[in-house]
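Student: One letter stands for each residue in the lines below.
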Amino acid sequence: MAVRDELLALYEQMVLIRRTEKAAHDLFLSGLVKGTTHLAAGQEAIAVGASAALRPDDYVFATYRGHHHALARGATPEECLAELMSRATGLCGAKGGSMHLTKASSGMLGSYAIVGSHLPMAAGAAWSARLRGTGQIAVAFFGDGATNIGAFHEALNLAAVWKLPVLFVCENNLYMEYTPIADVTAVARPAADRAPSYGIPGEVVDGNDVVAVREAVARLAGRARAGDGPALLEALTYRHFGHSRADPATYRPAEEVERWLKHDPLDLARGRLAELGVPEETLTEAEARAQDVVQKAVEAAKAAPPPEPREALTDVWADGGAAWRT
Amino acid sequence: MADVITYREAVAEGIAREMRRDGSVVCLGEDIGAAGGVFKTTVGLLEEFGPERVWDTPISEQAIVGAAMGAAMTGMRPVAEIMFSDFLACCWDYLANEIPKVRYMTGGQVTVPLVVRTANGGGLGFGAQHSQATENWALTVPGLKIAAPATPADVIGMMAAAIRSDDPVVFFEHKGLLASKGPPPAPDHVVELGRAAVVREGGDVTLVALASMVRVALEAAGRLAAEGIEAEVVDLRCLVPLDVATVLASLGRTSRLVTVEENPYQGGWGATLASVVADEGFGLLDAPVRRVAGECVPLPFADELEEEVIPTADKVAAAVRSLAAY
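Order-wise, the sequence lines are chains P and U. So the first sequence is residues 1 to 326, counted in full-length UniProt numbering. So the second sequence is residues 1 to 326, counted in full-length UniProt numbering.
Simulated from the structure, these hints should not be mistaken for lab results. Cβ atoms here follow ideal geometry from the backbone N, Cα and C, with glycine treated the same way. Among the clues, some could well be false.
[To be verified] Straight-line distance between alpha carbons at most 20 Å, and here's what the computed SDA-like set of lysine to any residue pairs gives: (1) P:LYS163 <-> U:GLY50; (2) P:LYS163 <-> U:PRO51; (3) P:LYS163 <-> U:PRO58; (4) P:LYS163 <-> U:ARG53; (5) P:LYS34 <-> P:ASP228; (6) P:LYS163 <-> U:GLU52; (7) P:LYS163 <-> U:ASP56; (8) P:LYS163 <-> U:GLU30; (9) P:LYS22 <-> P:ASP264; (10) P:LYS296 <-> P:THR76; (11) U:LYS315 <-> U:ALA179; (12) P:LYS296 <-> P:LEU29; (13) P:LYS22 <-> P:PRO248; (14) P:LYS163 <-> U:ILE59; (15) P:LYS34 <-> P:ALA300.
[As the list claims (entries may be wrong)] One-sided and incomplete, this derived list gives chain P residues near chain U with beta-carbon spacing under 7 Å: (16) ALA125; (17) LEU158; (18) LYS163; (19) TRP317; (20) ALA318.
[Unchecked claim] Every beta carbon over 12 Å from chain U, so not counted as near; a handful from chain P, in silico: (21) MET108; (22) ARG130; (23) VAL184; (24) PRO196; (25) GLY202; (26) PRO253; (27) GLU256; (28) VAL257; (29) GLU275; (30) GLU299; (31) ALA303; (32) ALA304.
All chains, please: the whole structure from these sequences, using the hints.
Tutor: Next comes the structure, spelled out in structure tokens:
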């Protein structure tokens with residue numbers, strides 16, 4: 001596939017994620033999404049670029065800010081929005097919600113809302129792939145805040161010692177919830193600077209550049225697949241919204257916000273496509289297609305039924321039930 | 001095979017039997033390989049199955065259990081050892097938030113067929129941080145099966161059931177029983193989880209016990225028999241599934257219930273059992289339910305102090321006598 005066709009496909013996927021996040025935001029404001037959401041608008045290039053560099057059977061583990069990873073690994077906007085809207089047709093049957101989007105059938109093995117908890121799991125999935133000899137790798141995506149929790153360090157050490165085919169991809173959006181990550185971290189690069197402690201490569205990449213992310217992940221994935229062990233990739237990015245729905249993000253300096261909004265991953269890709277000679281109308285068509293998919297997804301999710309109450313008592317055990325006693 | 005097997009040997013034998021029949025069973029934990037486990041409960045596994053199936057880990061409880069979870073979600077049946085059950089607190093996120101919830105919150109998309117084995121219980125003078133009976137910790141979390149065998153044969157039979165289970169099982173091996181002996185069970189001996197055993201029949205009172213407390217209950221029953229009181233002793237074997245049916249059937253014969261629990265009285269498993277009996281077996285009872293449980297203090301070091309805290313046959317016998325007035 002020509003470079004521009006491939007980039008165009010990545011661009012359309014990023015637009016699809018952006019539009020889905022915008023829809024999630026609007027649906028929340030109209031009272032159709034309860035609880036909370038942690039939107040990934042602004043961080044699309046990391047999910048899309050990494051996914052493009054992975055095999056379809058590789059494993060992906062994400063965080064409570066994980067809509068983009070579910071979508072990048074094959075979940076549809078309709079499944080995701082239906083989950084957020086507590087519909088029976090949701091990705092997890094409305095049992096998980098925004099923070100736990102999972103598409104296990106395509107190797108997206110979950111979104112975890114305890115910071116750092118999924119890094120050891122990804123190491124375990126990589127261990128399993130190695131034991132089964134499948135050539136798969138596992139990737140854990142996590143925020144900058146996760147780099148100061150124990151599970152991060154335990155996972156890195158174990159993965160390094162066992163030389164596991166796993167990538168740890170930090171989405172450094174500069175803020176640990178409401179606090180600048182630099183204020184609470186002993187090193188300048190919260191993820192990459194920790195890599196030498198574990199004897200593994202630590203790289204920094206522009207996380208808003210989908211091509212750069214894809215290339216970095218492809219290189220490190222190839223290395224892991226070849227048996228050369230884990231690596232840490234720190235992707236610099238910025239979220240467009242606050243930490244969660246409750247957060248207007250007023251703690252971020254206006255000039256910083258402005259600077260990052262000018263470095264938007266969608267704009268970057270769009271500009272590059274224009275440079276490559278892709279006609280404006282091709283780009284607007286792609287954007288319209290994405291918008292149409294999301295619009296139809298919103299309508300379908302709104303029309304979907306709520307879960308049957310009896311579903312609350314299913315799926316605890318592998319037999320589908322919830323019996324804890326005789 | 002020898003005529004007798006120790007509880008300690010039964011652990012390794014139980015694991016080995018499953019490793020022989022299922023190549024997806026792998027072990028990981030601290031000192032479990034060449035050292036054979038600090039309690040010598042994994043002796044011979046590395047020699048028989050090699051380093052690709054028996055993995056020594058760093059002291060990283062989160063990495064051990066988290067990696068086991070990731071491997072279990074991707075086709076393996078890991079058996080993870082947490083050296084002392086007190087250390088479950090170091091990886092409690094996985095036992096409380098991750099392993100028991102991931103199937104449910106993904107709407108049944110994944111299963112987690114793993115066993116977390118751990119040396120449990122007091123009576124050996126290990127002090128407050130290496131002596132606790134912590135089965136009741138796991139009992140607070142829906143989604144975990146809880147096994148605590150009292151005999152070598154049950155260790156093997158319940159280990160088989162635990163490893164074959166498609167659900168996560170926390171397997172408590174009692175330190176005070178490791179040197180105890182019993183007949184080795186036949187090949188392919190499997191004890192279904194959630195089946196309590198009536199280990200002594202009697203018509204006057206039902207003593208329900210778990211793990212090392214079964215021995216204490218039997219000793220008390222022996223003393224009471226000399227006084228003309230016939231106690232029936234039920235070895236609960238598992239807390240989840242909880243075999244309420246066997247307990248209620250016994251109460252149908254005896255009308256009196258005493259629980260014998262090593263965990264502290266506050267929050268102990270006997271409280272859950274007593275509440276079910278109050279709900280469903282009130283009409284069977286001729287006397288109040290008595291709970292003989294640990295004192296609500298950290299476990300002390302000296303024998304004289306530890307014996308004061310952990311239930312003894314004397315305390316059980318006294319509790320039974322206190323019911324004579326009813």
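Student: The structure should be examined with respect to each hint, and the outcome stated for every one.
Tutor: Hints, one by one, checked against the model:
1. P:LYS163 <-> U:GLY50: The hint holds at about 18 Å.
2. P:LYS163 <-> U:PRO51: holds (14 Å)
3. P:LYS163 <-> U:PRO58: holds (14 Å)
4. P:LYS163 <-> U:ARG53: Distance of about 15 Å is within 20 Å: holds.
5. P:LYS34 <-> P:ASP228: It is violated: about 44 Å lies between the C-alpha atoms, which goes past 20 Å.
6. P:LYS163 <-> U:GLU52: Holds, because 13 Å separates the two Cα atoms, which is no more than 20 Å.
7. P:LYS163 <-> U:ASP56: Distance of about 14 Å is within 20 Å: holds.
8. P:LYS163 <-> U:GLU30: holds (18 Å)
9. P:LYS22 <-> P:ASP264: holds (15 Å)
10. P:LYS296 <-> P:THR76: holds (11 Å)
11. U:LYS315 <-> U:ALA179: Between LYS315 of chain U and ALA179 of chain U the Cα gap is close to 24 Å, so the pair fails against 20 Å, i.e. violated.
12. P:LYS296 <-> P:LEU29: With Cα atoms ~19 Å apart, LYS296 of chain P and LEU29 of chain P stay inside 20 Å; holds.
13. P:LYS22 <-> P:PRO248: holds (15 Å)
14. P:LYS163 <-> U:ILE59: At roughly 17 Å apart (the allowed maximum being 20 Å), ILE59 of chain U and LYS163 of chain P satisfy the hint.
15. P:LYS34 <-> P:ALA300: holds (18 Å)
16. ALA125: Hint on ALA125 of chain P: holds, closest Cβ of chain U at ~4 Å, below 7 Å.
17. LEU158: holds (4 Å)
18. LYS163: Hint on LYS163 of chain P: violated, closest Cβ of chain U at ~12 Å, above 7 Å.
19. TRP317: holds (5 Å)
20. ALA318: holds (3 Å)
21. MET108: violated (10 Å)
22. ARG130: violated (9 Å)
23. VAL184: holds (20 Å)
24. PRO196: Consistent with the label, PRO196 of chain P stays out of reach of chain U, its closest Cβ about 18 Å off (over 12 Å).
25. GLY202: The assertion about GLY202 of chain P holds, with a minimum of 19 Å to chain U.
26. PRO253: holds (34 Å)
27. GLU256: holds (33 Å)
28. VAL257: holds (33 Å)
29. GLU275: Its Cβ never comes within 12 Å of chain U, the nearest being 41 Å, so this holds.
30. GLU299: At about 22 Å from chain U, GLU299 of chain P clears the 12 Å cut-off, so the statement holds.
31. ALA303: Fine: 20 Å to the nearest Cβ keeps ALA303 of chain P off the interface.
32. ALA304: holds (14 Å)
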